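Quick mapping for you: the protein sequence lines, in order, are chains A and B.
For the first sequence, position 302 (counting from the first letter as 1) is numbered 302 according to my numbering, and the numbering increases by one without interruption.
For the second sequence, position 253 (counting from the first letter as 1) is numbered 253 according to my numbering, and the numbering increases by one without interruption.
It is worth saying that the hints were derived from the structure and are not from the lab.
Quick look at which bits of chain B chain A covers, simulated, 3 or more residues with Cβ under 8 Å:
no. : segment
1   : 70–82
2   : 116–129
3   : 237–251
4   : 267–276
Source: prediction; values computed, not measured.
Idealized CB from N, CA, C, for every residue including glycine.
2 protein chains.
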Amino acid sequence: MTTHMLGDDRFAYSQRVRYMESFAEAVLDLPDERDETISLAYGDADPAHFPVAALVGAMTHMMQSRVDDTLNYAPPDAGLLALIHARMSRHNVNLPLSQYITVNGSSQIIGLLPQVLCDPGDVIIVEGPTFLGAVETFHNFGVRIETIPVRVDGMDLDVLEARLAQLRNDGVAVKCIYTIPTFQNPTGTLMPLANRRRLLTIAATYGVLIVEDDAYGDLHFNSALPPKLIALDTHDSVLYVGTFSKILAPGVRMAWACGPKALIQRLHRWKAEGSNGPFMTRLVAQVSRDGWLDRHIDHLNTLYASKCAVLLAGIRAHFPSDVRYVVPQGGFFVYVYLPADLPVAKVMPAALARNVSFLPGTTCYANGEGTHEMRLSFSYQSAERIAIGIERLGAALAAVRAGQP
Amino acid sequence: MTTHMLGDDRFAYSQRVRYMESFAEAVLDLPDERDETISLAYGDADPAHFPVAALVGAMTHMMQSRVDDTLNYAPPDAGLLALIHARMSRHNVNLPLSQYITVNGSSQIIGLLPQVLCDPGDVIIVEGPTFLGAVETFHNFGVRIETIPVRVDGMDLDVLEARLAQLRNDGVAVKCIYTIPTFQNPTGTLMPLANRRRLLTIAATYGVLIVEDDAYGDLHFNSALPPKLIALDTHDSVLYVGTFSKILAPGVRMAWACGPKALIQRLHRWKAEGSNGPFMTRLVAQVSRDGWLDRHIDHLNTLYASKCAVLLAGIRAHFPSDVRYVVPQGGFFVYVYLPADLPVAKVMPAALARNVSFLPGTTCYANGEGTHEMRLSFSYQSAERIAIGIERLGAALAAVRAGQP
Chain A
1 MTTHMLGDDR FAYSQRVRYM ESFAEAVLDL PDERDETISL AYGDADPAHF PVAALVGAMT
61 HMMQSRVDDT LNYAPPDAGL LALIHARMSR HNVNLPLSQY ITVNGSSQII GLLPQVLCDP
121 GDVIIVEGPT FLGAVETFHN FGVRIETIPV RVDGMDLDVL EARLAQLRND GVAVKCIYTI
181 PTFQNPTGTL MPLANRRRLL TIAATYGVLI VEDDAYGDLH FNSALPPKLI ALDTHDSVLY
241 VGTFSKILAP GVRMAWACGP KALIQRLHRW KAEGSNGPFM TRLVAQVSRD GWLDRHIDHL
301 NTLYASKCAV LLAGIRAHFP SDVRYVVPQG GFFVYVYLPA DLPVAKVMPA ALARNVSFLP
361 GTTCYANGEG THEMRLSFSY QSAERIAIGI ERLGAALAAV RAGQP
Chain B
1 MTTHMLGDDR FAYSQRVRYM ESFAEAVLDL PDERDETISL AYGDADPAHF PVAALVGAMT
61 HMMQSRVDDT LNYAPPDAGL LALIHARMSR HNVNLPLSQY ITVNGSSQII GLLPQVLCDP
121 GDVIIVEGPT FLGAVETFHN FGVRIETIPV RVDGMDLDVL EARLAQLRND GVAVKCIYTI
181 PTFQNPTGTL MPLANRRRLL TIAATYGVLI VEDDAYGDLH FNSALPPKLI ALDTHDSVLY
241 VGTFSKILAP GVRMAWACGP KALIQRLHRW KAEGSNGPFM TRLVAQVSRD GWLDRHIDHL
301 NTLYASKCAV LLAGIRAHFP SDVRYVVPQG GFFVYVYLPA DLPVAKVMPA ALARNVSFLP
361 GTTCYANGEG THEMRLSFSY QSAERIAIGI ERLGAALAAV RAGQP
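Required output: the full structure, derived from the provided sequences and hints.
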């Protein structure tokens with residue numbers, strides 16, 4: 001079973017390491033972009049709207065007060081946990097502080113989950129399509145991944161229920177359901193209230209943990225959102241994962257999770273380095289205080305809503321009429337389902353030839369699907385470049401349909 | 001075997017998690033200090049000498065240039081790895097950049113090691129006394145810990161060699177030797193060149209990895225130091241761990257490791273969150289550039305040398321003449337061996353009653369030793385407070401010896 005990819009086995013590693021290495025690393029078939037390419041591929045934040053002055057001001061302030069608490073050995077800043085707790089309370093999440101953990105980006109939680117939950121052969125259920133980083137991490141840790149399709153209203157719960165029944169029948173241990181119910185990556189779909197309630201009931205019935213990745217939960221273009229899964233949960237069955245990456249800056253690597261006490265304790269213990277330390281936690285807390293973060297999020301939502309509108313207008317103007325997509329009410333992405341004659345394998349070279357790129361749907365699935373799907377991000381590029389990029393992409397689609405290169 | 005300390009087993013965790021929880025968490029018997037207590041217990045940096053202005057300047061600069069590379073999704077700053085690599089090259093360590101990893105403090109490497117190297121029952125060899133955080137981490141991950149005594153010139157290599165032979169004879173897998181050869185924590189000892197060469201030979205003979213924790217390697221009060229183990233190593237058998245905690249600030253949580261290619265690759269993969277991200281790596285690189293870090297280290301060495309001298313003078317003036325200790329040439333600590341009638345169990349309450357504290361030797365051993373040993377730190381307190389603290393401690397020792405409380 002074990003193949004030693006890394007070659008050197010002079011030192012005996014742990015069984016777990018050797019097992020993990022029996023899985024090849026997923027190699028993503030990502031576009032090789034040129035400098036002049038307008039990339040609509042990645043979900044980076046808009047660099048023109050990073051809060052540079054606010055961050056410098058926060059750092060200057062924190063260096064002028066309590067410098068020992070900031071720069072010495074110290075626990076994470078209590079103000080950050082209090083701020084996160086208060087923000088979650090506004091969404092009717094009322095867990096005690098002891099059921100929270102700060103982490104170095106959501107990816108740390110995603111990486112810890114298989115270590116804490118899974119033995120070889122155990123299953124994690126994901127949506128298809130979903131966040132490619134999570135799929136790759138689960139895969140690299142030797143987890144068996146089961147994919148549930150995403151419809152216009154999120155994960156298909158009929159398929160989920162049937163799959164859970166089958167897996168139980170087969171004696172397979174399902175360790176968690178990883179879902180992005182709000183402005184799903186990549187589809188932009190929003191799971192409605194009734195589906196949220198049903199998902200919780202299904203998970204409780206099968207005794208399976210739900211991991212609610214809420215990276216885009218604050219990025220909505222309209223005011224009304226259904227409650228978070230964790231706010232609806234009455235079975236203590238949801239691990240919620242939130243992040244400052246989209247609402248402050250990805251580079252600060254600050255995220256949090258809250259959920260069942262025993263699971264949070266285990267995550268604390270398996271987080272090899274201990275806490276996030278005082279400096280970054282205090283910087284994020286300091287910049288966010290006194291309502292600044294809410295005002296910044298309002299600003300971002302105005303910005304991203306307008307860029308989303310530009311992208312959608314471009315699709316309507318330049319794409320063939322037989323593409324399908326969900327008009328997102330938030331998040332970073334528009335996900336486009338292409339007709340049979342427009343596979344991404346053909347569209348991608350035509351797009352790159354016209355100096356525009358996107359994320360192929362195939363990179364968002366654990367099971368090889370997505371051959372006729374593309375993720376378009378409106379987060380990173382300016383409105384002007386989005387408009388140009390979509391026009392180029394429309395030309396690429398037309399060329400492929402016409403049988404031209 | 002398994003005891004479920006955390007109580008909640010509604011979700012099935014991984015075997016590894018359950019195994020780990022069969023070990024009780026080490027509960028350190030640390031002093032409960034009052035506000036007016038002068039603590040000589042902890043190895044915190046001197047907060048009066050944190051480079052506040054330099055850090056604010058570095059942050060301001062990096063926010064004014066390449067903000068996208070700093071705040072968006074991005075790899076760790078290439079400048080930081082280059083800086084670390086250049087500093088190691090000055091010590092004749094010539095590994096390629098691909099054999100380096102940045103981590104969230106040395107504790108992250110220490111936490112990853114048992115995960116990557118050890119199966120249940122495997123052994124890690126440590127020094128006794130040693131860094132309590134490493135012992136606790138290894139213990140909590142279910143590692144069997146073997147302790148080799150520290151003499152005036154560091155780890156006793158005769159004992160090490162005999163123990164390795166015995167363990168091989170017993171069929172026990174020894175996964176690494178964790179050593180702090182330079183200004184050892186807590187003893188302050190410096191392993192001489194001949195011993196370093198012999199340690200490398202022993203490790204090569206038994207095919208065991210050496211983990212060289214060099215947290216104090218830059219903090220020396222005299223110019224001449226023996227080469228680092230990794231610089232002497234010809235068998236690719238040393239994982240070197242360095243940190244910015246002592247030379248910049250613990251709060252930035254920035255450390256690195258370099259060593260065998262296959263091991264570094266595995267550490268990269270098991271670092272659940274991926275990289276350290278762009279913000280903190282760039283901040284540390286920016287503040288350190290153009291020789292600033294070297295000048296800061298020179299300043300710290302002048303500072304710590306003078307505070308060490310104050311502590312030693314206090315010991316000579318106020319401690320009984322039958323205590324023993326190594327006069328350190330660097331680092332943060334003076335480690336005192338007490339005579340039979342002065343066990344720390346009696347000295348600690350007498351010290352706390354006089355508003356001074358220290359770290360009991362018992363917290364620096366994995367095996368219950370250290371009942372007549374104390375670690376005194378000269379890093380955190382001012383020279384004035386060190387002098388007062390040592391005088392109080394001398395009074396406590398005298399009182400215990402006289403049979404008074």
